[in-house]
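Single-letter residue listing:
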Amino acid sequence: METWNKFWLESRTRLFWISAVYFLMAVGVAWMILKVPFIREPHMWEAQQRDLGGVQSDLFGFWFGFIQPFLVIPLALTLAPNHWTTETANRTVHFSLCLPVSRRSETVARLLWFHLWLAFLVFYTSSLLFGCEVLMNYPRSFFSHLVQCSLNTLAFGVITSLWFAFSSFLWDQSKATAGTSLLVFLLAVPLLYKKESFPGLYAVYELLVGRQWFLKGEFPWRSVFLNLALIWGFCEIGIRRIEQKDF
Amino acid sequence: MWLKINPGSGVPIYIQLMEQIKHSIAIGSIRTGDQLPTIRNLAHELVINPNTVARVYRELEFEKVLELRHGAGVFVADRPANKDRSDMIQAVQPHFRKAVEQGTAAGMSEEQMRALFESEIDRSKSTGRKGK
Amino acid sequence: MNVPAIEFLNVSKSFRQKQVLDSVRFTVPQGAICGLLGSNGSGKSTSMKILLDLVRPSEGRALVLGMDANNPAESLAVRRRVACVTEDKSFYPYMTVQQVLDYARKFFNGWNTERLSVLLKRFELDRSCLAKNLSKGNRAKLALTLALCRSPEVLILDEPTEGLDPLAREDFLQELVQASLDGVSILICTHQLAEVEKIIGSIVLLEKGKVLLHAEVETLKEKSRFYHLTFRDQPPAQIAGLPANARISRAGRSMVVSSVGERWDWRKSFADLGVEEKPMTLQEIYGEVLKINREKRGGDGNLE
Numbered sequence: 000m001e002t003w004n005k006f007w008l009e010s011r012t013r014l015f016w017i018s019a020v021y022f023l024m025a026v027g028v029a030w031m032i033l034k035v036p037f038i039r040e041p042h043m044w045e046a047q048q049r050d051l052g053g054v055q056s057d058l059f060g061f062w063f064g065f066i067q068p069f070l071v072i073p074l075a076l077t078l079a080p081n082h083w084t085t086e087t088a089n090r091t092v093h094f095s096l097c098l099p100v101s102r103r104s105e106t107v108a109r110l111l112w113f114h115l116w117l118a119f120l121v122f123y124t125s126s127l128l129f130g131c132e133v134l135m136n137y138p139r140s141f142f143s144h145l146v147q148c149s150l151n152t153l154a155f156g157v158i159t160s161l162w163f164a165f166s167s168f169l170w171d172q173s174k175a176t177a178g179t180s181l182l183v184f185l186l187a188v189p190l191l192y193k194k195e196s197f198p199g200l201y202a203v204y205e206l207l208v209g210r211q212w213f214l215k216g217e218f219p220w221r222s223v224f225l226n227l228a229l230i231w232g233f234c235e236i237g238i239r240r241i242e243q244k245d246f
Numbered sequence: 000m001w002l003k004i005n006p007g008s009g010v011p012i013y014i015q016l017m018e019q020i021k022h023s024i025a026i027g028s029i030r031t032g033d034q035l036p037t038i039r040n041l042a043h044e045l046v047i048n049p050n051t052v053a054r055v056y057r058e059l060e061f062e063k064v065l066e067l068r069h070g071a072g073v074f075v076a077d078r079p080a081n082k083d084r085s086d087m088i089q090a091v092q093p094h095f096r097k098a099v100e101q102g103t104a105a106g107m108s109e110e111q112m113r114a115l116f117e118s119e120i121d122r123s124k125s126t127g128r129k130g131k
Numbered sequence: 000m001n002v003p004a005i006e007f008l009n010v011s012k013s014f015r016q017k018q019v020l021d022s023v024r025f026t027v028p029q030g031a032i033c034g035l036l037g038s039n040g041s042g043k044s045t046s047m048k049i050l051l052d053l054v055r056p057s058e059g060r061a062l063v064l065g066m067d068a069n070n071p072a073e074s075l076a077v078r079r080r081v082a083c084v085t086e087d088k089s090f091y092p093y094m095t096v097q098q099v100l101d102y103a104r105k106f107f108n109g110w111n112t113e114r115l116s117v118l119l120k121r122f123e124l125d126r127s128c129l130a131k132n133l134s135k136g137n138r139a140k141l142a143l144t145l146a147l148c149r150s151p152e153v154l155i156l157d158e159p160t161e162g163l164d165p166l167a168r169e170d171f172l173q174e175l176v177q178a179s180l181d182g183v184s185i186l187i188c189t190h191q192l193a194e195v196e197k198i199i200g201s202i203v204l205l206e207k208g209k210v211l212l213h214a215e216v217e218t219l220k221e222k223s224r225f226y227h228l229t230f231r232d233q234p235p236a237q238i239a240g241l242p243a244n245a246r247i248s249r250a251g252r253s254m255v256v257s258s259v260g261e262r263w264d265w266r267k268s269f270a271d272l273g274v275e276e277k278p279m280t281l282q283e284i285y286g287e288v289l290k291i292n293r294e295k296r297g298g299d300g301n302l303e
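Residue numbers (numbering that gives the first Met the number 0), protein chains in the order written: chain C, 0 to 246; chain F, 0 to 131; chain S, 0 to 303.
Extracted from the complex, chain C is given alone in its bound form (with noise of 0.2 Å):
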C-alpha cells in the first residue's frame, strides 16, 4: 500500500526516539527488579490474591498491569492513530484526499499501521522482562509471555480504538486524550469492588493484569473477544464518522 510508505517517512523519527526511551525505561525497571529489595518483596495486592508463590506474579503484574498501560498508551498515542487530525494541522489533508484513494482504506491502513507498532512496543519491551526473570531463574514460559502480550495489546488497543473515535468527532487531540482519559477511568472505577459479578465491566484490565491467565492458566475467552468487538466498534464509529466529515 501507498500510503505505509507515508506514514513510515512520516513517523520513523518519532517512532525511532519512542522505541529508544521506552527501551530506557525497561531497562530501569528491569534494573530495579534485578537490585533492588523492595520492589522484589511480594507486597503488592496482587501478592495476597495468587495460588502460585513466587515474586514472578507481581513483577509480572507490575509490568503488564502497571507500567506498560500508563508508559505505553501515552506514548503510542503520540503517532496518532488518527492521522487526518495531523494533515488537516500540516494542511496537508485536501492533497490527501484529492488523491484516488478512498478515506476507509487509508484510515484502516493508519490503524493496523498505528497497532503493528503498539504490538511491537509492548512485544519488544516485555522480551527485556522475560530476560530478567530467565536470569534470576525463575520458572518461565516463552509460551505465556508471548500471550500476555498479546492480551495486553488487545486492551491497549481498546483505549486507542476508543481514543481514535474520540478525535473523530473532537478533532483536537488533547480533548480526545482528555475523553478518553475520563472514560478510562469510569471503567476502573469497578475494580476498587473487586467482584466476581461484573466481570464484563473490568475486562480490559482483565487481560492487562493477566490474573486469568497467568494466575489460573485460563485462557480469557469471554474478555478476549469482547475486547475484539469493542476494538471492531470503536474503529468503526471513528471510519463512518471521518467518511461522511467535510473537510
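Everything hinted at is true.
Here are the simulated DSSO-like pairs of lysine-lysine, each with C-alpha atoms no more than 27 Å apart in a straight line:
no.	chain 1	residue 1	chain 2	residue 2
1	S	K277	F	K3
2	F	K21	S	K222
3	S	K277	S	K267
4	F	K63	S	K222
5	F	K21	F	K3
6	F	K82	F	K63
7	F	K97	F	K3
8	F	K3	S	K222
9	C	K244	S	K209
10	S	K105	S	K120
11	C	K244	S	K105
12	S	K290	S	K267
13	S	K290	S	K17
14	C	K244	S	K207
15	S	K17	C	K244
16	S	K295	S	K267
17	S	K277	F	K21
18	S	K222	S	K209
19	S	K295	S	K222
20	S	K135	S	K120
Don't read these hints as lab results, they were simulated from the structure. Treat the numbers as computed from the prediction; the structure is a model and nothing was measured.
Starting from the known structure of chain C, arrange chains F and S on it as the hints suggest.
For chains F and S alone, coordinates are given in the frame of chain C:
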C-alpha cells in the same frame, strides 16, 4: 505578421485577432498563399484560449479571408475580400499618415494623438454616422 | 464528447445553518476553459471542494465526466481522472519534493515523465528540498506540476497563481494553453481576472452562493457596454426601456448607464443626445454584475 492582443480593452479577443489578421493582409505584411501559424502555435504565442484561435480561423475561412487546407495548415486566401480591404486601406492610409505627421509637427505626444484619434471615433459613433 | 466535463445540478450546501450554496446550476463542456468568479465567501471554494468529494452537498448533485462526484464508488474514478490545485498548497513537511512526486505517482497510470522533467526545469524546482522549506511560490509550482503530470481529463484550479512571480504566472498560463490543446477541460477559480481574461472561454459568477451570471466571455463582452449620456439640463429621473441587467449612475448633467449582456438601443429615447459607448473589460463586467445584484437586493429587500 505581428499580433498583439489587448485583453483589457473590452473588445472581444476574437474580434481583435480577426481585425489584426485582416489588417496584416491588407497592408501586405502577409500575402496571398502565405501560411499562418497553426492554432497550437498561435495560442502558445499569444497565450490565449486555443478555442478562440480556432474560432477566428473558422470565421475568417467563412469570410473567405483564409483558407484551411486539411493536413497542410492555414493559408491566406486568394480572394477579392482581401483585395477590397487592401484597396480601402490604400485609399485611407495617406490621410492618416498626414494627420500623424501634422500632429508630430505640432509637438503632440504619441498618447495625445492616440487619445485624440479615439475620441474622434467615439464622436463619429455617437452622432450615429458609421464610416462603412 | 457529449458528456459535459462538469455539471452542477441544483447543488445546495449549508454549514451549521448558514447557506453557502443555493441551487447552483451550471455546466462546463468538455474542452472548455471556465472561470469561476465571486467575492470571498461567495461559495467558489465550496463548489470546487464538492467536485473533489472533500465536501458533500446538502441537496442536488455534482457530476464530473458524467459521474457523481460524491458517490463513494464513482468519486474514486473521478479522482483518478481529475487533477486539482486546492487552496492549501501544502505538502507533507517530512517529504522532499522528489518523495512527494514519487508518492503521488504511485496512484496514477498516466503519469507523464517527460512533462514532469520539462515542468521541473521550467519552474526551477529543487527535487531534494524538503516540502516544509519550500517558499509559497514554489509550493504553488509543485502543486501545478503534480496536477499537470498526471494527464488528467479535467483540471480544477483554486487560486493557482497565488504566490507566483510574474514570470511563473506567464509559464503557468502557457501550461494551461498546452493543457487545453491536449483536450483538458479546465475550471479555474481566481481573483486575478486580468491575468486569465485571455484564456477563459466562459465565466460563472457566484455571489452569496447563487449563480448570478453564466455566459461566454466574448459574447458577453460584445453585448456589454457603458453608455455615457450628457444632458443639457438635469437628467431625467427615470429611463424607460433599459435592459434587465442595467445600472444607472449619475454625476451632475451626466449619466452612465451600464448594461451587461444586452445592448441598449438608446437611439429610441435619446437619438438627439450625445452618447458615448465604451466596451467593458471582464473586470468591469464582474464589478457591474455585483453592483446590479446588490442594488436589486437592496431595493426590494429580498434576495433575487
